[in-house]
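These protein sequence lines are chains D and G, in that order. The opening residue of the first sequence carries number 1 in the working numbering; numbering runs sequentially from there. The opening residue of the second sequence carries number 1 in the working numbering; numbering runs sequentially from there.
Simulated from the structure, these hints should not be mistaken for laboratory data.
Ranges of calculated distance between the beta carbons of each label pair, as one might list FRET restraints:
#1 D/Val-181 x G/Val-395: 31 to 37 Å
#2 G/Trp-350 x D/Glu-3: 39 to 45 Å
#3 D/Glu-179 x G/Val-395: 28 to 34 Å
#4 G/Ala-42 x D/Pro-116: 33 to 39 Å
#5 G/Leu-370 x D/Val-160: 35 to 41 Å
#6 D/Val-156 x G/Ile-71: 53 to 59 Å
#7 G/Val-395 x D/Leu-142: 36 to 42 Å
#8 G/Gly-391 x D/Val-156: 28 to 34 Å
#9 D/Glu-179 x G/Asp-87: 47 to 53 Å
#10 D/Pro-191 x G/Pro-428: 34 to 40 Å
#11 G/Asp-87 x D/Tyr-29: 31 to 37 Å
#12 G/Val-362 x D/Pro-116: 40 to 46 Å
#13 D/Met-192 x G/Asp-87: 30 to 36 Å
For clarity, every value in this text was computed on a predicted model and none was experimentally measured. Backbone N, C-alpha and C fix where the C-beta goes; we use that ideal spot for every residue, glycine too.
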Amino acid sequence: MGEQELFWVMSPVIVLASLTLLFARKAVYVLAGMIVVMIGLAVFYVTLEAPFLGMIQVIVYTGAIMMLILFVLMLVGVDQKESLRETIRGQRWIALAAATGLVVLIVTTVYRIELPIRDIGGMNDGGNPQVIANALFGEWVLVMEILGLVLISAAVSAIVLTHLPRSGDRRSQAERAEERVRARLNPVNKPMPGVYARRNALDVPAIDPEGKPVPASISRVLKARKQDKDGSEWRAIGKDEAAE
Amino acid sequence: MVNIVNALVSPTPSPSVTPPEGFVPWEQTLRGDSLLLVAIKAVAILVFLLLSVLFAVWFERKVISRMQERIGPNIHGPFGLFQLVGDALKLLLKEDVSVTKRDRVLYIAAPLISVICAFLVFSVIPIGPAVRIPFTEDVTPLQLTDFPVAALFILACAAVGVYGIVLGGWASGSTYPLVGAVRSSAQIISYELAMGLSLVTVFMMSSSMYTQDIVAAQADLWFGVLLLPAFLLYIVAMVGETNRLPFDLPEAEGELVAGYMTEYSSIKFAWYFLAEYINMLNVSAVATTLFLGGWRAPWPLSAVSDGVLNTGYWPVLWFLAKVWLLMFFFVWVRGSLMRLRYDQFMRLGWKLLIPIGLGWVVLWGVARVLYVKDWLPSVKQVTVPAAIVLGLATVVVLFWPSKPGEEKTGRGRVKEIDATAGGFPVPPKPGEKLPPSPRSTRTVDARSQAKEKGDRDKG
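Generate coordinates for the entire structure from the input sequences, incorporating the hints supplied.
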């Protein structure tokens with residue numbers, strides 16, 4: 001009940017979302033479209049009495065894998081536009097031929113299907129998750145283990161191939177602090193710039209308890225650009241006094 | 001091999017999960033619900049969540065101020081309770097400022113995704129057993145829906161809800177929100193794994209993913225006691241999932257202004273705010289259901305006149321008490337712990353939580369197989385000592401003193417190389433280092449070396 005109605009509601013949503021893959025200009029829109037498609041498929045799985053598959057589809061594919069892709073996209077820059085220059089000669093024609101072949105293959109296969117393929121009436125007897133568990137870890141356990149092994153070795157080898165050993169030694173925060181003290185440098189952070197209550201800006205040096213400016217509180221960059229001020233106009237004591 | 005695996009997934013419940021007398025399959029009683037009743041339940045959940053969020057804001061302000069030796073809101077109304085009306089109205093009536101560089105569609109859609117996913121979770125939480133609705137003959141469980149994978153539905157909602165944060169951070173078209181979004185996506189990938197692993201043993205123990213079945217399986221002993229490592233794992237992961245201190249790196253106000261919600265104001269910010277507090281309630285309710293016996297009365301009360309306190313509308317009280325106890329825990333944690341540094345946070349997730357979770361699942365699986373094979377009288381005989389050993393091992397590993405200089409390359413053996421000797425620049429290999437860059441006078445290294453050299457020259 002309600003299965004057909006849900007199908008007619010969800011299908012246009014899924015088809016529209018999948019069209020973003022072809023027409024969207026921004027990579028994030030493509031990803032958002034794919035997420036919608038995946039959630040739509042999960043809804044179909046649930047209506048077709050495969051709730052476990054539906055939930056796993058959302059948790060694993062939508063939640064983890066798409067999130068991983070989004071993470072990588074954001075790291076490399078989401079706003080990068082794809083270059084449309086062809087790197088292989090005649091790429092378009094090869095792609096067109098391959099796409100036509102795929103379409104012909106799908107259309108002929110779908111055309112030749114006769115329903116019902118197989119009686120799946122009592123498929124969920126004993127509970128949907130239990131049936132899937134028995135199939136994956138009973139009947140097909142060897143295949144599952146081999147797949148797991150292949151995936152793990154792929155992940156491990158990718159890490160091994162891209163891993164760079166640390167070139168220097170690794171120093172902890174405590175060791176760094178110790179080094180600072182040994183070199184008789186300022187053991188703590190430099191004071192923040194700005195004179196509170198008068199002018200709280202990066203270009204004005206902080207004032208020490210004696211009322212004298214602390215030059216180290218201003219960024220090197222501002223000094224190099226000659227954008228720093230001596231801050232005399234903001235100080236409580238007179239200009240001459242500070243200059244001494 | 002197949003037999004052992006079958007034993008693991010076999011639906012035969014262990015003695016502790018035998019349903020009590022007069023047990024009714026929950027799905028059937030829920031199927032009796034009319035459409036009107038479903039609508040009423042949905043609206044009730046919505047209203048309950050909105051009111052709870054309002055109360056939670058006041059609760060958090062009040063509790064945290066007591067912890068900081070302040071009084072907190074106390075002017076408007078008794079105990080400052082009317083402050084929450086003011087807080088809510090302020091959020092709704094503020095000026096809506098948005099950025100010109102925003103992405104129009106996703107900027108609006110993102111907070112909506114967050115808030116809708118947050119609302120969905122409570123639909124599968126059992127607030128009580130089957131009760132008779134007042135003034136009618138209808139009997140229905142205090143729960144909107146339950147299905148064979150209801151517990152996984154909670155994880156699915158959490159997974160989709162994070163897209164609200166990540167897409168919102170990107171759609172703001174500004175730097176701090178983007179950094180917050182990237183952090184959030186990394187955080188979710190790592191902490192959802194730990195959370196999922198902590199739930200596996202719960203499902204194995206209850207042999208079901210119906211939330212009412214999980215509650216029924218805890219009639220004798222709460223899973224929080226029986227599966228203590230999993231419970232602790234869940235507690236840590238749930239704070240990570242809700243972006244609360246000490247894991248609030250996506251919005252770290254000291255570094256990122258407000259993270260992913262920097263560019264949101266007025267009602268759009270209110271949606272994020274709502275989602276965050278509903279998510280706190282959600283994870284508390286899930287922890288209650290999966291580990292703290294759900295709506296069941298705590299031990300001394302459950303024994304009162306043959307469990308009369310486990311019937312009727314009483315369980316709502318126990319459920320709310322447990323949820324608000326966990327909410328108090330959230331505020332307590334916020335008041336006591338400081339935000340972690342990002343690398344510490346990631347190390348905790350990947351090097352501690354996930355290995356413990358995996359180890360616990362394997363251990364529990366082995367114990368279960370031994371039990372099913374009749375080599376063990378009870379699963380607890382393996383898991384309880386093993387949990388203690390696991391806990392001790394963790395403590396030992398954490399506090400094991402590392403030998404000084406063990407991991408180090410040793411400074412004396414580091415050789416300075418000419419990076420461009422081969423014609424083009426190459427990075428240093430282990431045991432080699434580059435000569436100090438002429439531009440690096442500002443680093444501590446360079447300055448300490450210069451100072452040492454100066455001291456030597458003087459002396």
